[in-house]
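K.L.:
Hey, can you work out the whole structure from these sequences and the hints?
The primary structure of each chain is shown beneath.
There are 2 protein chains.
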Amino acid sequence: MLDNAQCPDCKRINEVLSRVGDRWSVLVVIYLARYGTMRFNELKRTLGISQRMLSLTLKELERDGLVNRTYHPTIPPKVEYNLTEMGQSFREPVSALGYWALENLNEIDAARQAYDKTVAK
Amino acid sequence: MLDNAQCPDCKRINEVLSRVGDRWSVLVVIYLARYGTMRFNELKRTLGISQRMLSLTLKELERDGLVNRTYHPTIPPKVEYNLTEMGQSFREPVSALGYWALENLNEIDAARQAYDKTVAK
DNA sequence: CATGGCGGTTCCCTATTTGTAACCGGGGTT
DNA sequence: AACCCCGGTTACAAATAGGGAACCGCCATG
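Here the protein sequences come in this chain order: F and L.
Residue numbering for the first sequence follows UniProt numbering, beginning at 1 and increasing consecutively.
Residue numbering for the second sequence follows UniProt numbering, beginning at 1 and increasing consecutively.
Hints in this document: simulated from the structure, not taken from any laboratory.
Among the clues, some could well be false.
Remember, identical chains collapse to one label, so a pair may be satisfied in a single copy or spanning two.
As the list claims (entries may be wrong) - Here are the simulated DMTMM-like pairs of lysine to aspartate or glutamate, each with C-alpha atoms no more than 25 Å apart in a straight line: (1) K44 x D22; (2) K78 x E107; (3) K117 x E60; (4) K59 x D22; (5) K78 x D116; (6) K59 x E15; (7) K117 x E42; (8) K59 x E103; (9) K78 x E60; (10) K117 x E85.
Fair warning: this is a prediction, and the values are worked out from it, not measured in the lab.
P.N.:
Okay, structure coming up:
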């Protein structure tokens, strides 16, 4: 399976990216960076994510130290999420990726169509 | 499932990230950016990826117009991969992400341990 | 009294991802 | 003859991700 002469960083980069690199995490970070502080259902409505996945994603992000969770025991309860310092530092590479994605979506679609045409005849 | 008032960009960002955002694609792009041109088994050995996943990943990257595939019908066959222009432009946000991952891996691990200690007692 | 919102958790089920192993042709090496 | 390399493809199995729906306490509203 694993070959012998691997790069030393690969495994570690891979580890981090598999933690924070899924698309829900990325979207949550993008929107927390953009709006500063958001509540649970606010994120849910904005992102179009299921309650379950949002809960899991936020828990993971909190565990990884990227997101702060603040619980206000009011009625009704109010839970606010915002980025930690590390989360802020993550914002830069992530939003760079997001912007790239937006800028190149059309070109990717075109490349796909061209590729499919040459292959699938 | 999906709520009503979604952000317009979410779906599109999501689309692109789900295409190019998996960790093998990211690693392939990072290493092609670093070394310019690489052969199939060279990538395989370097990245510690299975033959099957590398094949699938490269095919997707080629389809999305990020990677060029050059087949030399020599004996033994030689297939070289390098980044297209769009792949080059992808390099910046991606390597920023890779560097961030390397720089913050330790802090993430520490945050995890701290979190697990407070919760799982 | 029923309903709804908030912020979740839990169960169930399916779909996608990923790994493992075998195989392919075509040739070289021992 | 037996094995290895290159660059894959295919079949199968296992793990994981992800959605949907139901439920929770607590209170307000109608």
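K.L.:
Are the hints correct? Go through all of them and say.
P.N.:
Each hint, compared with the structure:
no., hint, result
1, K44 x D22, "both (16 Å within a copy, 23 Å between copies)"
2, K78 x E107, "neither (42 Å within a copy, 29 Å between copies)"
3, K117 x E60, "between (41 Å within a copy, 15 Å between copies)"
4, K59 x D22, "both (14 Å within a copy, 21 Å between copies)"
5, K78 x D116, "between (49 Å within a copy, 24 Å between copies)"
6, K59 x E15, "both (18 Å within a copy, 23 Å between copies)"
7, K117 x E42, "neither (42 Å within a copy, 29 Å between copies)"
8, K59 x E103, "between (30 Å within a copy, 22 Å between copies)"
9, K78 x E60, "within (20 Å within a copy, 43 Å between copies)"
10, K117 x E85, "between (47 Å within a copy, 21 Å between copies)"
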